[in-house]
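Residue numbers (numbering that gives the first Met the number 0), protein chains in the order written: chain A, 0 to 343; chain B, 0 to 343.
Do not take every clue at face value.
Treat identical chains as interchangeable: a pair holds within one or across any two.
[Claimed, not checked] Below 25 Å or equal to it, Euclidean Cα-Cα: the simulated DMTMM-like pairs (lysine to aspartate or glutamate) are:
no., residue 1, residue 2
1, Lys-272, Glu-229
2, Lys-145, Glu-290
3, Lys-63, Asp-181
4, Lys-83, Asp-312
5, Lys-272, Glu-190
6, Lys-63, Asp-214
7, Lys-83, Asp-214
8, Lys-145, Asp-283
Hint data in this document are derived by calculation from the structure and do not stem from the laboratory.
Number of protein chains: 2
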Amino acid sequence: MPDSINRQIVLAAYPEGAPADSDFALAESPVPEPDDGQVLCRAIYLSLDPYMRGRISPAKSYAKGVAIGEVITGGTVSQVIESKSPDFAEGDIVFGYTGWQDYAVMEAGQLKIVDPQLAPISTALGVLGMPGMTAYTGLANIGQPKEGETLVVAAASGAVGSAVGQIAKIKGCRTIGVAGEDDKCAFVVEELGFDACLNHKDADFAGKLASVCPDGVDIYWENVGGAVFEAVLPLCNEFARIPVCGLIAHSNATELPSGPNQVPVVMRSVLTKRLRIQGFIVWDFADQEAEFIETMSGWIREGRVKYREDFVDGLENAPGAFRGLLQGKNFGKLVIRVSPDPTR
Amino acid sequence: MPDSINRQIVLAAYPEGAPADSDFALAESPVPEPDDGQVLCRAIYLSLDPYMRGRISPAKSYAKGVAIGEVITGGTVSQVIESKSPDFAEGDIVFGYTGWQDYAVMEAGQLKIVDPQLAPISTALGVLGMPGMTAYTGLANIGQPKEGETLVVAAASGAVGSAVGQIAKIKGCRTIGVAGEDDKCAFVVEELGFDACLNHKDADFAGKLASVCPDGVDIYWENVGGAVFEAVLPLCNEFARIPVCGLIAHSNATELPSGPNQVPVVMRSVLTKRLRIQGFIVWDFADQEAEFIETMSGWIREGRVKYREDFVDGLENAPGAFRGLLQGKNFGKLVIRVSPDPTR
Numbered sequence: 000m001p002d003s004i005n006r007q008i009v010l011a012a013y014p015e016g017a018p019a020d021s022d023f024a025l026a027e028s029p030v031p032e033p034d035d036g037q038v039l040c041r042a043i044y045l046s047l048d049p050y051m052r053g054r055i056s057p058a059k060s061y062a063k064g065v066a067i068g069e070v071i072t073g074g075t076v077s078q079v080i081e082s083k084s085p086d087f088a089e090g091d092i093v094f095g096y097t098g099w100q101d102y103a104v105m106e107a108g109q110l111k112i113v114d115p116q117l118a119p120i121s122t123a124l125g126v127l128g129m130p131g132m133t134a135y136t137g138l139a140n141i142g143q144p145k146e147g148e149t150l151v152v153a154a155a156s157g158a159v160g161s162a163v164g165q166i167a168k169i170k171g172c173r174t175i176g177v178a179g180e181d182d183k184c185a186f187v188v189e190e191l192g193f194d195a196c197l198n199h200k201d202a203d204f205a206g207k208l209a210s211v212c213p214d215g216v217d218i219y220w221e222n223v224g225g226a227v228f229e230a231v232l233p234l235c236n237e238f239a240r241i242p243v244c245g246l247i248a249h250s251n252a253t254e255l256p257s258g259p260n261q262v263p264v265v266m267r268s269v270l271t272k273r274l275r276i277q278g279f280i281v282w283d284f285a286d287q288e289a290e291f292i293e294t295m296s297g298w299i300r301e302g303r304v305k306y307r308e309d310f311v312d313g314l315e316n317a318p319g320a321f322r323g324l325l326q327g328k329n330f331g332k333l334v335i336r337v338s339p340d341p342t343r
Numbered sequence: 000m001p002d003s004i005n006r007q008i009v010l011a012a013y014p015e016g017a018p019a020d021s022d023f024a025l026a027e028s029p030v031p032e033p034d035d036g037q038v039l040c041r042a043i044y045l046s047l048d049p050y051m052r053g054r055i056s057p058a059k060s061y062a063k064g065v066a067i068g069e070v071i072t073g074g075t076v077s078q079v080i081e082s083k084s085p086d087f088a089e090g091d092i093v094f095g096y097t098g099w100q101d102y103a104v105m106e107a108g109q110l111k112i113v114d115p116q117l118a119p120i121s122t123a124l125g126v127l128g129m130p131g132m133t134a135y136t137g138l139a140n141i142g143q144p145k146e147g148e149t150l151v152v153a154a155a156s157g158a159v160g161s162a163v164g165q166i167a168k169i170k171g172c173r174t175i176g177v178a179g180e181d182d183k184c185a186f187v188v189e190e191l192g193f194d195a196c197l198n199h200k201d202a203d204f205a206g207k208l209a210s211v212c213p214d215g216v217d218i219y220w221e222n223v224g225g226a227v228f229e230a231v232l233p234l235c236n237e238f239a240r241i242p243v244c245g246l247i248a249h250s251n252a253t254e255l256p257s258g259p260n261q262v263p264v265v266m267r268s269v270l271t272k273r274l275r276i277q278g279f280i281v282w283d284f285a286d287q288e289a290e291f292i293e294t295m296s297g298w299i300r301e302g303r304v305k306y307r308e309d310f311v312d313g314l315e316n317a318p319g320a321f322r323g324l325l326q327g328k329n330f331g332k333l334v335i336r337v338s339p340d341p342t343r
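Go ahead and model the full structure; you've got the sequences and the hints to work with.
What follows is the structure, given as structure tokens:
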């Protein structure tokens, strides 16, 4: 039986710059009841991802934003509590965008079954979920890694970056990570098998990056923007590919960096080096999901792809954890434990 | 028989900003003699193209630059005066990078036969040459025009832009040109059949561009940079493609525009609209040349692709004409008549 109260975290105000506690509010409402074709879910794990910063901004992005007073958007691994759909049974583990709340009623078509036999169910939010598929499809379709090439990826210990680098290694690339803490860099090299990992806070980061990329850069996986992009651009080889799936370094920015305007520098590099800079989101390649799940879960079972999760207990701690995510304080895929995992 | 003197225009100094007369010098040398496997050519038509500005700069580009004292690089349609190669006969019309001079000795492998039956031989420098092939291959491989899409191209009356727009029309696109003079705009619409053409010097150019692109922009052909790029970027639809083959607006720049730094704006558009920005040069698609020649010459014969040439008489006038090209003073493909055309 569900509790009678549904805790929800709603958007209290659009953050200006870095989100503050006061931009979020805890609300309580009755647990909703499903109609025919609907399913009542209770969240087990809530995923926190950088893209959510764009959702709580009034600026136009590729998806509809969260309005003031609405529950914050978020993917969860949930358990079916009550089903009025033939597609789901009580007790099923499902993935869906149920948001920052304990309970949600979803249309059956908005949910996907998570197979607990494949891997721990929390991985449906990480290496076997949206972040892992972002890495897999962005590399396959835009990055196009080739044996002997050099790939640079920032936020290398994060959910997307760690998968990008490990897949690139499988494809035969020299793989260079960038992270913001020395212990993350050590993990990326020692546990994940990257060839090197640099701390972007180091003095002379750009010079160090050049020294670990003696053959230049063929793929720069852009998920942060800012100083890392500026350091990589001069190292790019002809025909380098730059898949762009995130710009976390800009996400809290309230104004543009001071001048000069570097756009002509970027465009000149695009022209003279014939770079390909291409934005994407994972759902652009939705038809490749089955292939991704099969290939990636195989690599995980074989020990060729590893992952790290950073669990935070309690829905009420989601705003603080999210603020930390935007500052790079998490170490691995950031997941909120909303309720106990029944498969463990 | 050749004259005994070979007039050459050499680089006297690297231009700072816009090239000046004093950056060029007229030199005279004996007409060279071919060795075995070589061919002596006399220039008939010399092509002037924006890319040459990069060649006379000390900055690194995709091709080796011209050194001080060297003859300026340039493609010509020439006639074979003396051949010591079995591949060429005296009188043949050839294309090659013989440079800004009357005579040149070339390796046979550096020359290609121009067929005077196909079209006027000067078109081997324009619509049937590098500019036309730039348009054809850049659209086919990067722009990928689809029926009903909207394409914007700047320098629309120029050699590349006029071909881009006409090919896009053939592919079923709504085609919007941008040029710098009202008479060029009129030509682009009335003679070339574009749907509209705007003068980028008009007040409220950006607003006018938006009004003639009611369904947004799916392809922006980037050959100028600067203000046109800034006006088009907000109009780009999701999945828009931006082939980058030139940045003439920046080519004389000696310093970057003042701030703020707009790179985050560009990258955010790339991400949220999933834009593809890709640089290329025509020779990246060299293996498509035969297809291009066949298709494009067919369109010309059918009257579906038109072209305009802007002839200037005399090798000695090349520097002045080139300076005008960088300021948009030419109207159509700019060609220097170096010596009489024997096919006319």
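Here's how the hints hold up against the structure:
Both within a single protomer and between protomers do Lys-272 and Glu-229 lie at most 25 Å apart by alpha-carbon distance, with minima of 15 Å and 22 Å respectively. With identical chains, the CA atoms of Lys-145 and Glu-290 are at most 25 Å apart within one copy only, with a shortest distance of 20 Å there and 29 Å across copies. Within a single copy, Lys-63 and Asp-181 get their C-alpha atoms no closer than 37 Å, and across copies no closer than 42 Å, so neither meets the 25 Å cut-off. For the identical chains of this complex, Lys-83 and Asp-312 are neighbours neither inside a copy (30 Å) nor across copies (83 Å), given an alpha-carbon limit of 25 Å.
Taking identical chains as interchangeable, the C-alpha atoms of Lys-272 and Glu-190 are never at most 25 Å apart, the minima being 34 Å within one chain and 35 Å between chains. For the homomeric pair Lys-63 and Asp-214, the shortest alpha-carbon distance between copies (20 Å) is at most 25 Å, but the shortest distance inside one copy (42 Å) is not. Taking the shortest Cα distances, Lys-83 and Asp-214 never come within 25 Å of each other, neither inside one copy (58 Å) nor across copies (42 Å). Taking CA atoms no more than 25 Å apart as the test, Lys-145 paired with Asp-283 passes in both settings, with 22 Å inside one copy and 18 Å between copies.
In summary, the numbered hints that this structure violates are 3, 4, 5, 7.
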